[in-house]
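J.: Protein chains in written order, with the numbering used here: chain W, 1 to 231; chain B, 1 to 411.
Relax, there's no trap hidden among the hints.
In silico SDA-like links for lysine to any residue, alpha-carbon gap of 20 Å or less:
(1) B/K2 to W/D125
(2) W/K147 to B/D6
(3) W/K147 to B/R13
(4) W/K92 to W/G121
(5) B/K2 to W/P105
(6) W/K129 to B/K2
(7) W/K92 to W/K202
(8) B/K2 to W/A126
(9) B/K2 to W/R88
(10) B/K145 to B/S206
(11) B/K248 to B/W106
(12) W/K129 to W/E169
(13) W/K92 to B/E319
(14) B/K397 to W/D82
Everything labelled a hint here was simulated from the structure, so no lab data went into it.
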Amino acid sequence: MTAEPKLKVPLIELHHVTKTIGDGIETTLVRDINLAIEPGEFVAVTGPSGSGKSSLLYLLGLLDAPTSGDVLIQGRRVPPDDEAERARLRLKLIGFVFQFHFLLPEFTALMNVMLPMRALGEMSDAAMKTRAMNLLTSLGLEAHAGKLPGQLSGGQRQRVAIARALANEPQVILADEPTGNLDTASSEQVLSVLRRLVDDTKRSIVMVTHDLGLAARADRQLRIVDGRIVN
Amino acid sequence: MKLVLDIALTHVRSRLRQTLVGLMGVAMGVGFSVMMAALMEGSQRDFITQLVDALPHITMTDERREPPRQPAEDLYQVVAYSGLSTKATRPGIKNPYAIIASLDSWLDGAVAPSVQARAVIRYASRDTAANVTGIDPKREAAVSKLPEQLRHGSLQDLYRSSNAIILGDRLADKIGARVGNTISVVSGTGRVVYCNVVALLHSGISQTDETQAYTLMKTAQILASQTGLVNAMRIRVADVMSAFDVAKRIEAQTGYKSVSWQEANEDLLSALEIRNFIMYTVVGAILLVASFGTYNIISTITHEKTRDIAILKSLGFTERTVRSIFLLEALMIGLAGTLLGWVLGYTLCRMLETIEFKSPFMDVSHLPLYYAPAHYILAGLVAMLASGIAGYLPARKAASLHPVEIIRGAS
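Produce the complete structure using the sequences and hints provided.
T.: This is the structure in structure tokens:
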């Protein structure tokens with residue numbers, strides 16, 4: 001009943017968003033960006049180094065707050081100074097995958113995947129474990145569930161990071177150069193997983209990449225130069 | 001909460017050696033605090049017990065706080081008087097047995113009449129000044145520890161001869177008297193009474209043992225040259241600490257000066273309070289120093305775990321949750337240190353108890369230690385508070401880290 005109207009609302013919207021850093025000498029990371037990410041859309045963001053790709057991703061993922069402009073999640077404006085609300089929305093609706101895996105080194109792959117679920121605290125321990133195992137299995141990592149990140153290869157770690165990003169069944173995955181540290185075979189594996197997520201589960205993905213070949217496999221490509229979307 | 005606990009435990013375990021050093025710091029602080037508190041309070045209680053036991057809890061004498069008004073003062077209203085002959089009053093408490101009966105009716109304790117006289121005691125050409133206290137042996141046992149402090153004799157021996165006397169052991173040593181000797185007691189009025197030494201007293205307080213002598217009341221009355229004289233009441237109360245209030249009530253009721261043991265030893269008690277203040281300051285300083293170790297550990301962990309903090313925050317952990325992780329780590333070190341410190345403190349106390357002190361000037365052959373749960377609770381609370389503060393400062397800094405800056409730096 002409620003799912004239909006939601007489909008008409010963009011998942012994330014940026015309205016005239018500008019991000020500036022520095023107290024004395026100011027640097028503008030992104031300037032006056034208007035963007036809408038629709039449900040089930042695979043968007044690739046490309047551009048030269050320092051153009052503002054990652055900054056755009058952090059603004060979309062509420063990890064950073066805009067200096068001016070508004071960020072809307074499912075049609076609702078997110079107050080930039082409400083840290084708790086931004087954290088709650090990140091936990092429930094957004095999953096991050098970074099170039100560096102950022103897994104907790106003392107936790108096993110399974111425990112790392114369970115981390116967001118435990119933080120949300122809406123499931124029993126058994127249910128969390130089952131979902132985490134299912135995610136690892138779907139990414140071909142069932143044999144590595146009990147291993148520490150240090151015992152996994154780069155590609156395996158990145159897939160664990162993807163599993164963790166999917167743990168709370170977010171509406172959108174924001175991936176910042178997810179294949180940047182991987183060899184060609186591992187990159188292909190990761191990209192296949194991301195593509196499958198869009199096709200099978202209708203989740204949205206915004207992926208920052210330098211690789212135009214990978215970007216070509218997205219539904220939409222955005223090019224950023226000097227903090228502005230030029231294409 | 002369980003997740004926060006899991007992460008905190010993982011962090012603490014990852015710096016095991018450093019954590020153990022910090023934990024030992026807190027444990028040493030708590031242990032030595034507990035030991036010091038037990039030692040200080042033990043010696044204080046031992047001192048007070050000796051003080052209280054050596055004397056009656058309250059002594060009522062025939063003196064008054066204010067000098068009695070002179071007849072001229074009642075007759076004439078003038079600014080000042082000079083050269084008046086003071087009206088002579090008969091020494092002693094008026095109607096002593098009526099007062100005793102009245103006090104017996106409400107007082108939770110016991111009252112004994114006594115006669116205080118100053119005298120010179122002579123034996124074998126040696127003499128020394130002494131306080132002679134005439135007592136009623138039947139009542140005396142209820143107001144003082146005299147029967148337990150007697151050596152070579154008992155209180156009932158005062159009835160054995162017509163003029164029996166009990167001497168402080170140091171007093172007897174001074175003049176070379178022994179039990180069975182007959183000594184002469186010379187009063188201030190020049191009256192000489194020959195007394196038979198029937199027992200020796202050892203209270204443990206040198207001033208008492210050097211100057212105190214006990215006789216029957218009638219012997220002291222002969223020395224004071226006043227038949228029927230009772231110039232002091234010796235009172236013991238069931239609750240030692242109530243002596244001050246009871247003394248005030250007795251004084252208000254009778255008009256006679258009543259001095260509690262607290263008032264008589266006011267300067268000593270205030271010295272003990274200062275000593276306690278110094279002790280707790282030192283104990284606080286020990287625990288404060290220990291908390292620096294905790295601060296150091298938590299600071300190191302937060303510094304090492306900046307990436308973890310960034311990822312936790314990007315996952316949706318709030319600043320409060322991140323802060324509570326590191327605060328919990330500090331409290332875990334504080335709690336473990338406290339528990340270990342309690343064991344250490346108790347062990348140290350037990351070890352101190354076994355040390356023997358042998359000296360010709362004192363009876364105490366072991367250190368007096370007092371075991372009180374309050375010492376453990378207080379040391380634990382201060383340790384936890386210090387650990388909490390030591391952990392909060394780096395925890396707050398960690399929680400305020402901007403994840404984007406860390407993620408950019410790591411990528």
